[in-house]
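Q: So you can see what is in the structure, the chains are spelled out below.
There are 4 protein chains.
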Amino acid sequence: MIVVMKVGSSQDEISGVKKRIEVAGLKAHISEGVEYTVIGVLGQVFPDLHDALELLPGVDQVIPVSKPYKLASREFHPEDTIVEINGVAIGGNEIVVMAGPCAVESEEQLLATAQVVKAAGATVLRGGAFKPRTSPYQFRGLGEGGLKLLAQAGKETQMPIITEVMSPDHVDLVAKYTDILQIGARNMQNFILLDEVGKIKKPVLLKRGLSSSIQEWLLAAEYVMAQGNEQVILCERGIRTFETYTRNTMDLSAIPIIEKVSHLPIIADPSHATGKWYLVPPLALAAVAAGADGLLIEVHPNPDLALADGPQSLTFDNFRLLMSQLLPIAQARNRKLATTSVKTKP
Amino acid sequence: MIVVMKVGSSQDEISGVKKRIEVAGLKAHISEGVEYTVIGVLGQVFPDLHDALELLPGVDQVIPVSKPYKLASREFHPEDTIVEINGVAIGGNEIVVMAGPCAVESEEQLLATAQVVKAAGATVLRGGAFKPRTSPYQFRGLGEGGLKLLAQAGKETQMPIITEVMSPDHVDLVAKYTDILQIGARNMQNFILLDEVGKIKKPVLLKRGLSSSIQEWLLAAEYVMAQGNEQVILCERGIRTFETYTRNTMDLSAIPIIEKVSHLPIIADPSHATGKWYLVPPLALAAVAAGADGLLIEVHPNPDLALADGPQSLTFDNFRLLMSQLLPIAQARNRKLATTSVKTKP
Amino acid sequence: MIVVMKVGSSQDEISGVKKRIEVAGLKAHISEGVEYTVIGVLGQVFPDLHDALELLPGVDQVIPVSKPYKLASREFHPEDTIVEINGVAIGGNEIVVMAGPCAVESEEQLLATAQVVKAAGATVLRGGAFKPRTSPYQFRGLGEGGLKLLAQAGKETQMPIITEVMSPDHVDLVAKYTDILQIGARNMQNFILLDEVGKIKKPVLLKRGLSSSIQEWLLAAEYVMAQGNEQVILCERGIRTFETYTRNTMDLSAIPIIEKVSHLPIIADPSHATGKWYLVPPLALAAVAAGADGLLIEVHPNPDLALADGPQSLTFDNFRLLMSQLLPIAQARNRKLATTSVKTKP
Amino acid sequence: MIVVMKVGSSQDEISGVKKRIEVAGLKAHISEGVEYTVIGVLGQVFPDLHDALELLPGVDQVIPVSKPYKLASREFHPEDTIVEINGVAIGGNEIVVMAGPCAVESEEQLLATAQVVKAAGATVLRGGAFKPRTSPYQFRGLGEGGLKLLAQAGKETQMPIITEVMSPDHVDLVAKYTDILQIGARNMQNFILLDEVGKIKKPVLLKRGLSSSIQEWLLAAEYVMAQGNEQVILCERGIRTFETYTRNTMDLSAIPIIEKVSHLPIIADPSHATGKWYLVPPLALAAVAAGADGLLIEVHPNPDLALADGPQSLTFDNFRLLMSQLLPIAQARNRKLATTSVKTKP
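Which chain is which? The protein sequence lines are A, B, C and D, in order.
Each step along the first sequence adds one to the number in numbering that gives the first Met the number 0, with nothing skipped, and position 339 is 338.
Each step along the second sequence adds one to the number in numbering that gives the first Met the number 0, with nothing skipped, and position 279 is 278.
Each step along the third sequence adds one to the number in numbering that gives the first Met the number 0, with nothing skipped, and position 19 is 18.
Each step along the fourth sequence adds one to the number in numbering that gives the first Met the number 0, with nothing skipped, and position 249 is 248.
Bear in mind the hints are in silico, worked out from the structure with no lab data behind them.
Accuracy of the hints is not assured; some may be wrong.
A pair holds if it fits inside one copy or across any two, identical chains being indistinguishable in the list.
Each computed EDC-like pair below joins lysine to aspartate or glutamate, with the alpha-carbon atoms no more than 16 Å apart [as the list claims (entries may be wrong)]: (1) 18 / 303; (2) 259 / 59; (3) 5 / 74; (4) 5 / 59; (5) 154 / 107; (6) 200 / 229; (7) 17 / 303; (8) 335 / 93; (9) 200 / 83; (10) 198 / 171; (11) 147 / 171.
Modelling step: build the complete structure from the supplied sequences, incorporating the hints.
A: Written out as structure tokens, the structure reads:
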């Protein structure tokens with residue numbers, strides 16, 4: 000951390016800053032330039048100090064030199080993290096497609112979808128049992144019943160499953176049935192929930208919050224990792240902007256940025272990002288062209304009767320078409336599509 | 000709900016929409032105009048139907064006629080809701096000022112602040128025991144120890160207290176010590192938490208989410224109210240925009256909008272909205288001029304040593320100055336400042 | 000400007016930065032700390048250098064120490080600028096209300112409005128002759144005919160007038176008729192137009208762009224001032240955010256921020272910021288409570304027949320009511336409302 | 000346009016709306032439902048009527064049924080528009096790459112760049128002679144001198160050229176030298192400039208404004224087309240959001256949306272969208288995967304000495320690498336890269 004003093008700051012002000020740094024148990028290194036004085040802070044700096052120093056008289060700016068996250072940063076951990084789930088590797092050379100219905104509605108709906116997406120090339124089955132809904136009057140999911148159906152469908156189709164967990168006291172329950180725990184966009188800064196999923200031993204897919212900067216997203220990953228769980232997969236799903244044509248604005252630049260600053264795998268969810276099924280295939284292809292390690296896609300046997308998010312779900316035919324278009328894009332980036340070679344769960 | 004068909008939509012498409020409406024247990028009223036056909040949906044409509052209809056062939060637009068929230072709306076409940084806590088009435092003619100430190104740090108810090116803010120005219124004591132922090136390495140509050148200090152300071156100064164609850168399984172604990180439960184901006188769509196605070200019998204202060212529309216905010220209030228707790232106070236605390244000078248952009252238009260569409264009280268938090276102490280007084284005055292029912296203000300004995308959010312905290316002197324400026328603004332709007340007439344808690 | 004080198008940057012990289020600074024005709028002051036090296040840039044720095052240095056190998060960050068605007072900054076010009084037009088002083092102790100119709104439609108409409116707003120306490124008459132419209136098919140104003148009507152109405156009611164100029168080659172024409180030239184939000188970065196209004200000798204009201212930061216806004220003011228015209232009045236009129244209830248989100252924090260960083264007067268336009276007439280009075284009062292030097296308000300004899308922006312225009316009665324509410328708010332901030340003492344134009 | 004009356008609106012209110020519609024020279028078709036009344040507006044509706052009707056007593060909502068733009072819409076003009084410039088076709092099956100320096104600095108810089116980008120596969124040469132700059136103290140381009148260098152480099156390399164025009168009175172001058180006139184993001188709603196480029200007979204590339212919705216962008220295209228110039232190419236270049244890591248947030252969903260609602264070609268500018276050279280290649284590939292008809296890429300012989308936007312410019316080597324990666328992506332979408340077969344200009 001570097002403190003830049005105002006032009007013309009007094010010796011008293013400079014001493015004040017030095018003293019405050021020392022109160023925090025750190026060392027100050029004063030460098031008086033011709034026009035202004037710069038004070039370096041030596042030692043392990045916590046973010047709170049930034050705010051405290053900025054407030055002191057004579058201070059012009061406080062500049063964080065090191066990034067506020069560590070475990071999630073590529074500087075700290077240069078090699079790519081590859082998350083493995085029953086033989087599916089996320090973050091390696093292969094593109095992993097996770098597909099399934101937004102919400103689990105029934106055994107038939109889920110199983111039919113699971114079989115189709117697997118046949119078309121998906122390697123992870125998605126489905127919501129606990130659904131975050133804007134209105135309390137909307138369908139909020141089947142709960143544990145939905146988890147059971149997911150586990151059963153995963154077993155029958157030999158696919159690992161991913162589902163959302165919304166509350167700290169559901170973590171154990173959800174972890175019992177699922178292979179990957181998903182943290183939704185609205186919970187990206189539900190810090191207690193992040194702590195809890197950090198304590199279990201299963202991979203966590205962390206969606207970017209609707210109004211989260213890249214840095215805040217990585218700090219949320221840091222929460223999970225700081226508890227000991229380093230199997231974090233990031234998922235770009237659109238941010239909130241002024242544009243109303245799409246539900247959110249998909250920020251595909253996040254993909255190469257994450258690749259640069261973090262070692263964690265990054266996938267993309269064009270279904271939630273756009274909210275419109277006909278925008279899902281072009282954005283899915285774009286995400287892989289930009290370097291995404293995988294996709295999260297909503298598929299429904301009958302989107303116009305879906306209990307949640309029908310307008311953004313692909314039909315079976317549209318999903319098959321997307322998968323056929325995806326392969327040459329992956330190849331153009333020297334990558335493959337993951338193939339299903341799931342080990343049987345014991 | 001009204002469905003507008005595309006120009007030139009076919010009879011089959013019109014029948015398809017009618018059928019889908021009837022599947023949902025509702026009635027369709029078809030009105031064929033010269034240029035296009037409009038279909039009215041009669042009966043209690045749930046939001047999911049909107050999406051489902053929009054997807055059908057031949058449909059141009061689906062327009063929700065009624066608002067998606069009900070308990071929170073002024074149409075449903077025309078008179079102002081006044082939330083009363085130990086003699087302090089929020090939402091009536093008097094402006095209520097809630098003040099105190101961002102985080103409870105120690106008995107001395109809290110009590111000193113409590114006495115000063117009370118003497119200056121505040122009627123509710125605020126303070127954080129569980130703190131949501133962007134980084135896992137920042138100070139996260141004293142937990143139950145902080146709650147005890149708050150309860151003690153509230154008792155000694157005869158002020159009701161308000162503090163944040165971050166997790167569903169903390170609700171009972173926090174409710175044991177506090178008079179008002181605060182839901183922070185990052186948890187505005189933590190739906191399980193909203194359900195839980197809806198089940199208790201204490202007022203809830205619901206901060207607007209960083210990227211929440213007015214409608215989503217009222218739907219979050221609806222979550223709490225749908226569980227039976229109608230004592231909800233809304234709090235505008237800034238939204239996330241492209242401007243970086245302030246931490247967030249305070250949306251003061253939210254105050255007269257809430258007053259128009261809802262019966263719930265609305266207060267303003269200029270400390271978190273701006274992130275800079277010198278912007279707090281002008282925005283606090285502006286909020287009251289715009290019609291706010293109260294203010295939530297951070298005050299700290301020594302902001303530059305604060306463990307959290309020092310830069311946005313007022314010193315004791317600055318708080319006293321603000322209170323003296325607030326009175327004539329309140330009077331200009333034909334309102335008074337609330338005075339402390341707290342009943343002794345049994 | 001300060002260059003922070005990456006931890007572990009090499010001597011070659013440090014020399015490279017030094018050399019690049021010297022190529023720009025400036026001096027480099029190298030300060031090697033224990034953990035990282037900091038290089039101060041001495042001399043008059045232009046913004047382009049920031050980008051160039053940031054790109055060099057070994058550079059972690061480049062921090063601008065001085066602000067990129069100078070003529071508009073309070074550091075450079077500590078006393079408040081007061082813009083005087085025919086006896087109306089903007090930026091002093093008195094609150095100046097500029098009011099009138101969005102677009103000039105006819106002699107009757109304009110004159111009737113002018114007389115009412117003057118009687119109610121406005122001291123400047125506004126009206127659009129050239130109207131920026133989102134669609135080419137909307138009413139785009141009466142052009143020079145509208146300017147003539149404005150000049151006539153200003154003369155008859157003894158009020159200076161303000162109107163928008165949209166194109167560099169209209170500047171002379173508009174300046175011939177009006178007392179203040181308005182630059183609209185959509186033209187805030189129409190740099191050629193800024194140059195041109197900088198060359199004339201009449202005050203310029205510069206609206207904030209829909210997506211402009213405070214700094215970009217002041218840089219736009221700098222464009223005008225750099226041409227020699229220092230009579231610039233800033234006007235906050237809302238920024239574009241995700242919220243759709245209002246047309247834009249009024250950023251009232253801009254008012255105390257401008258007061259702190261600039262010497263230029265700042266007024267507020269709640270009509271365009273909100274787009275809804277019933278939000279105009281509370282936001283107008285809030286703006287003055289926040290410290291605004293004046294207001295720009297749309298008033299129309301018959302808003303529901305207005306050719307432009309009817310929904311945000313106040314009726315005569317609503318404007319009179321607003322003016323009566325404004326006085327005590329101004330007094331609460333120790334200010335007065337400006338009174339009309341316009342000198343007769345020669 | 001459809002007017003939805005409030006539940007319980009009176010016959011007087013319904014008549015008032017009918018009368019207002021008839022004042023505008025249109026017909027009203029009243030359809031009284033069980034719960035509410037809906038009034039259809041028949042005839043050619045102008046956008047101003049929307050606002051006027053929304054204001055009337057008893058009106059709940061006014062819904063535009065038809066889009067406010069016509070010439071730019073695919074409904075009105077179902078086949079793709081292909082813009083042809085000296086043998087280069089934009090909007091057809093071939094991907095067109097426009098490349099060159101941000102600003103024209105010298106004959107050597109421009110010619111060297113032109114030769115390299117042509118050899119690597121670009122078919123249009125870009126370069127700025129008039130540069131919009133945030134600060135008045137930055138390099139603002141060589142003006143007509145720059146135009147002459149561009150024309151000369153275009154001739155020598157047999158490439159059509161594209162350059163920005165910033166002011167209505169420069170249109171003729173710029174059109175004299177260039178093949179495509181570019182309207183920059185900051186001028187997207189400079190309506191007088193749009194009128195002027197609509198009057199000439201050369202293609203116009205219209206960049207999306209930083210805070211422009213898709214609809215506003217198409218309305219800006221409509222301005223140009225309404226003057227008779229239908230050769231409009233749209234260009235997505237990022238929108239302003241809260242994320243600060245990138246200069247803007249590239250909205251790639253705009254590409255398939257434009258393809259759906261408009262017949263105009265759409266290209267992408269990842270250089271300005273991201274502001275960082277290392278993000279340009281992945282976003283360029285993503286744009287083509289999403290369906291873009293072309294790219295606008297900044298290339299500079301020596302980015303760290305560039306007079307403008309160095310940090311976002313590719314070196315010659317990086318540009319060649321990008322072009323080699325682009326080909327398989329284009330092929331994966333069943334498209335080709337355009338090849339240079341420019342006819343000699345007379």
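Q: Each hint needs a verdict: does it hold in this structure or not?
A: To see whether the hints hold, each was checked on the structure:
When the C-alpha separation of residue 18 and residue 303 is checked against a cutoff of 16 Å, the pair qualifies only between copies, where the shortest distance is 12 Å, while the shortest distance within a copy is 65 Å. Taking the shortest Cα distances, residue 259 and residue 59 sit within 16 Å of each other only across copies (14 Å), while inside one copy they are farther apart (30 Å). Within a single copy, residue 5 and residue 74 get their C-alpha atoms only as close as 32 Å, which misses the 16 Å cut-off; across copies the closest is 12 Å, which meets it. For a Cα distance limit of 16 Å, the shortest separation of residue 5 from residue 59 inside one copy, 5 Å, qualifies, whereas the shortest one across copies, 22 Å, does not.
Proximity of residue 154 and residue 107 under a CA criterion of 16 Å is satisfied intra-copy only: 15 Å inside one chain copy versus 59 Å between copies. Proximity of residue 200 to residue 229 under the C-alpha cut-off of 16 Å is restricted to the intra-copy arrangement: shortest distance 9 Å within a copy versus 40 Å between copies. With identical chains, the CA atoms of residue 17 and residue 303 are at most 16 Å apart between copies only, with a shortest distance of 13 Å across copies and 65 Å within one. For the homomeric pair residue 335 and residue 93, the shortest alpha-carbon distance inside one copy (5 Å) is at most 16 Å, but the shortest distance between copies (26 Å) is not.
For the identical chains of this complex, residue 200 and residue 83 are intra-copy neighbours only, at 12 Å inside a copy versus 46 Å across copies, given an alpha-carbon limit of 16 Å. Proximity of residue 198 and residue 171 under a CA criterion of 16 Å is satisfied intra-copy only: 10 Å inside one chain copy versus 24 Å between copies. Taking the shortest alpha-carbon separations for residue 147 and residue 171, only the intra-copy value of 14 Å comes in at or below 16 Å, while the best inter-copy value is 30 Å.
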